[in-house]
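Asker: Residue strings, one per chain:
There are 2 protein chains.
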Amino acid sequence: MALDPNTIVETLGTILPGPAVLHEPTFSGNEWDYVKECLDTGWVSSAGKYVDKFEDMLAGVTGAGHAIATVTGTAALHTALVLAGVKAGDEVIVPALTFVGTANAVTQAGAIPHFADSEERTLGLDPAKLDEHLSRIADINGNVCRNKKTGKRIAAVVCVHIFGHPVDLDALASVCNKYELALIEDAAESLGSTYKGRHTGNHGCLSVLSFNGNKTVTTGGGGAILTNDPDLAKAAKHLTTTAKLPHKWEYGHDQAGFNYRLPNINAALGCAQLEQLPGFIVQKRQLAKAYTNAFSNIPGLRFFTEPDFAKSNYWLNALLLDAENAGLKDDILAATNDNNFMTRPAWVPMHHLQMFQECPKMDLTVSEGLYGRLINIPSSPGLAVELDA
Amino acid sequence: MALDPNTIVETLGTILPGPAVLHEPTFSGNEWDYVKECLDTGWVSSAGKYVDKFEDMLAGVTGAGHAIATVTGTAALHTALVLAGVKAGDEVIVPALTFVGTANAVTQAGAIPHFADSEERTLGLDPAKLDEHLSRIADINGNVCRNKKTGKRIAAVVCVHIFGHPVDLDALASVCNKYELALIEDAAESLGSTYKGRHTGNHGCLSVLSFNGNKTVTTGGGGAILTNDPDLAKAAKHLTTTAKLPHKWEYGHDQAGFNYRLPNINAALGCAQLEQLPGFIVQKRQLAKAYTNAFSNIPGLRFFTEPDFAKSNYWLNALLLDAENAGLKDDILAATNDNNFMTRPAWVPMHHLQMFQECPKMDLTVSEGLYGRLINIPSSPGLAVELDA
Numbered sequence: 028m029a030l031d032p033n034t035i036v037e038t039l040g041t042i043l044p045g046p047a048v049l050h051e052p053t054f055s056g057n058e059w060d061y062v063k064e065c066l067d068t069g070w071v072s073s074a075g076k077y078v079d080k081f082e083d084m085l086a087g088v089t090g091a092g093h094a095i096a097t098v099t100g101t102a103a104l105h106t107a108l109v110l111a112g113v114k115a116g117d118e119v120i121v122p123a124l125t126f127v128g129t130a131n132a133v134t135q136a137g138a139i140p141h142f143a144d145s146e147e148r149t150l151g152l153d154p155a156k157l158d159e160h161l162s163r164i165a166d167i168n169g170n171v172c173r174n175k176k177t178g179k180r181i182a183a184v185v186c187v188h189i190f191g192h193p194v195d196l197d198a199l200a201s202v203c204n205k206y207e208l209a210l211i212e213d214a215a216e217s218l219g220s221t222y223k224g225r226h227t228g229n230h231g232c233l234s235v236l237s238f239n240g241n242k243t244v245t246t247g248g249g250g251a252i253l254t255n256d257p258d259l260a261k262a263a264k265h266l267t268t269t270a271k272l273p274h275k276w277e278y279g280h281d282q283a284g285f286n287y288r289l290p291n292i293n294a295a296l297g298c299a300q301l302e303q304l305p306g307f308i309v310q311k312r313q314l315a316k317a318y319t320n321a322f323s324n325i326p327g328l329r330f331f332t333e334p335d336f337a338k339s340n341y342w343l344n345a346l347l348l349d350a351e352n353a354g355l356k357d358d359i360l361a362a363t364n365d366n367n368f369m370t371r372p373a374w375v376p377m378h379h380l381q382m383f384q385e386c387p388k389m390d391l392t393v394s395e396g397l398y399g400r401l402i403n404i405p406s407s408p409g410l411a412v413e414l415d416a
Numbered sequence: 028m029a030l031d032p033n034t035i036v037e038t039l040g041t042i043l044p045g046p047a048v049l050h051e052p053t054f055s056g057n058e059w060d061y062v063k064e065c066l067d068t069g070w071v072s073s074a075g076k077y078v079d080k081f082e083d084m085l086a087g088v089t090g091a092g093h094a095i096a097t098v099t100g101t102a103a104l105h106t107a108l109v110l111a112g113v114k115a116g117d118e119v120i121v122p123a124l125t126f127v128g129t130a131n132a133v134t135q136a137g138a139i140p141h142f143a144d145s146e147e148r149t150l151g152l153d154p155a156k157l158d159e160h161l162s163r164i165a166d167i168n169g170n171v172c173r174n175k176k177t178g179k180r181i182a183a184v185v186c187v188h189i190f191g192h193p194v195d196l197d198a199l200a201s202v203c204n205k206y207e208l209a210l211i212e213d214a215a216e217s218l219g220s221t222y223k224g225r226h227t228g229n230h231g232c233l234s235v236l237s238f239n240g241n242k243t244v245t246t247g248g249g250g251a252i253l254t255n256d257p258d259l260a261k262a263a264k265h266l267t268t269t270a271k272l273p274h275k276w277e278y279g280h281d282q283a284g285f286n287y288r289l290p291n292i293n294a295a296l297g298c299a300q301l302e303q304l305p306g307f308i309v310q311k312r313q314l315a316k317a318y319t320n321a322f323s324n325i326p327g328l329r330f331f332t333e334p335d336f337a338k339s340n341y342w343l344n345a346l347l348l349d350a351e352n353a354g355l356k357d358d359i360l361a362a363t364n365d366n367n368f369m370t371r372p373a374w375v376p377m378h379h380l381q382m383f384q385e386c387p388k389m390d391l392t393v394s395e396g397l398y399g400r401l402i403n404i405p406s407s408p409g410l411a412v413e414l415d416a
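Line by line, the protein sequences are chains A and B. Under the working numbering, think of the first position of the first sequence as 28, with each following residue one higher. Under the working numbering, think of the first position of the second sequence as 28, with each following residue one higher.
Bound conformation, chain A alone (with noise of 0.2 Å):
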């Protein structure tokens, strides 16, 4: 029997009280003493306390030695990159299903993406069928991985917890060293996520988050670079912050950085919310519980659940039609939308895009395939509440 998108919308009724947007953020912490304080004091840009006592909470969350707050994530992304030694003309392998900051940062820093297929299990990266591929096309030199294809060095990988569900970090990071590629993890969407009991952004030379508005914690805009190395903290804070030379009067700086530092003002906002991540974390991991149950009975489809290896914080709820189904998905997203229930497609994949569409790939059939089956539904950690009631 074919699926009716109908179906859908009623099974998340049974869920959502009302008509719910994909993520909104919660605020009903401290967000207004924090933010008032900083309009009180007159610390709202570049100076002040809460962008020191974000950072110090985010190495706290995470687990990392060392997080430096940015303006976005993908200008977190751009400076990890640079950092990890990508230089303009180099390649470097992202998954070809994600959100377009990721290969944008890619771009930004003069570098080429090589686009990855994906896996079923966790929605990112398939570390094993990128050693396949790399067997293939890679020629190592010394600790210099060259594309034989392209001529090109490949000089990193990224890989996206998609939706907050974390990808196999210790099968990727083997592939990495076998390559000798750096290992950056784009947590943009993974932050609560644990990996093997492990936080996500622990297992890369860098990683990223992101704090969009989108996102489980917020600032209104922005990032962060985590790292344990710290040198390479000290560099991340230089060259997100114009790399100045520290004086007392003087304008001196000893490379061309960027103007990437997090206000004050949307740092306090990121401690107020932070302060709330273990709140949001099971309230957000209780909607998906919910939806879990609820599309269990449901034929044609599945919920999609955290990998075994992994605690997901659910960023954004995911159904996964079958693949006979996948021909209904625009149908669903057109009923559900129509009542109110907000609901998306995932992103196109990358390799679709024109300004991408001449980048080095290898097969990327699930990539595809989830594409065409896959419909984000609505995710905020606040839903959670009503669910009690």
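There could be a bad hint or two in this list.
For chains that are exact copies, the list does not tell them apart, and a pair is met inside one copy or across any two.
As the list claims (entries may be wrong) - Cross-link-like lysine-lysine pairs, in silico, DSBU-like; alpha carbons within 30 Å at most: (1) Lys114 to Lys271; (2) Lys388 to Lys156; (3) Lys275 to Lys175; (4) Lys114 to Lys179; (5) Lys114 to Lys388; (6) Lys223 to Lys156; (7) Lys271 to Lys76; (8) Lys264 to Lys175.
Because the hints were derived from the structure by calculation, they are not lab data.
On the provided structure of chain A, position chain B as indicated by the hints.
Answerer: Showing chain B alone in chain A's frame:
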């Protein structure tokens, strides 16, 4: 008689009632109401009414047809350069005497800063000297201007209205026309300043503003692109918002865009600040007037006043030591800062910074002279309030 650093301290003391930083914001308007509304409604990020309102207000204040809010002034300039047609490998004329962000934006566009000299009348680019320089090095073929020495295309001129004082825009525009160069105004420091009665940021093909915490109006961190060209305005909005194609739910993009949009919460702050701009300008000009009088009888230096074609916001007030007193600059900086009157020199000229030492440049005698003799003194609008008391 040699200038005594203590004379500067004493003269500042006749104007400043106590310790004074270089520039701090005043939040005495609707800042809290607007920011609180963002928190109460949950609209802190990329969507929300304040970004539109802020852009409308900026267009109104500056007289520019269109304003596009961005996350920093550097982001605005990077975008403006790309939209002005600057390509990787091109040269872009920028003043040697400017904040490093001007040159960094050129680097981020993949281009090469080409440093030009300033004139003492405006502290900004010297149009006559630029004309003379270009007459020797430029080769025009069709509408392409090429540097005969480097072989590179010279694509644009970025003028900076230093410390809020407009450059001679008519003369500069004429030079740009002669050599087929796009003119971009870096009006980061000159919000509220006019050139021949017309607001700065209205004379180039594109202009940029900054709302960093040290500026006349702040959003915590932020910037804007100004243009009178509706097509460029549309392209600027598109490029700064990840070049996303409009669609009810699909995430498609048609170029490698930037994630440069200003968050709504920062725009809310900006709206409240802009409402107070006329008052800030009155206060800042009152303060400059008081400084003018106080320093008029001190031999060996002068207080820098606006060029005769301009009405300046006096963003950062400046003393210019006579050439024979240049050696006292550091003593004066030490004496004033030790007495809690925050002062600083001009930025280290760009061609002295190690990353720009190999960049093309003209004779930079005036820039070097200004750097050797200039001292910025406290300039917050709030200081004028105390003047009246």
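Asker: None of the hints should be skipped; say for each whether it holds.
Answerer: How the hints compare with the structure:
1. Lys114 to Lys271: Both: 22 Å inside a chain and 27 Å across chains, each within 30 Å.
2. Lys388 to Lys156: within (12 Å within a copy, 51 Å between copies)
3. Lys275 to Lys175: Neither: 51 Å inside a chain and 41 Å across chains, both beyond 30 Å.
4. Lys114 to Lys179: both (11 Å within a copy, 22 Å between copies)
5. Lys114 to Lys388: Both. Shortest intra-copy (19 Å) and inter-copy (26 Å) distances satisfy the 30 Å Cα cut-off.
6. Lys223 to Lys156: within (22 Å within a copy, 65 Å between copies)
7. Lys271 to Lys76: The answer is within: 19 Å in one copy meets 30 Å, while 35 Å across copies does not.
8. Lys264 to Lys175: For Lys264 and Lys175, the Cα distance exceeds 30 Å both inside one copy (36 Å) and across copies (39 Å).
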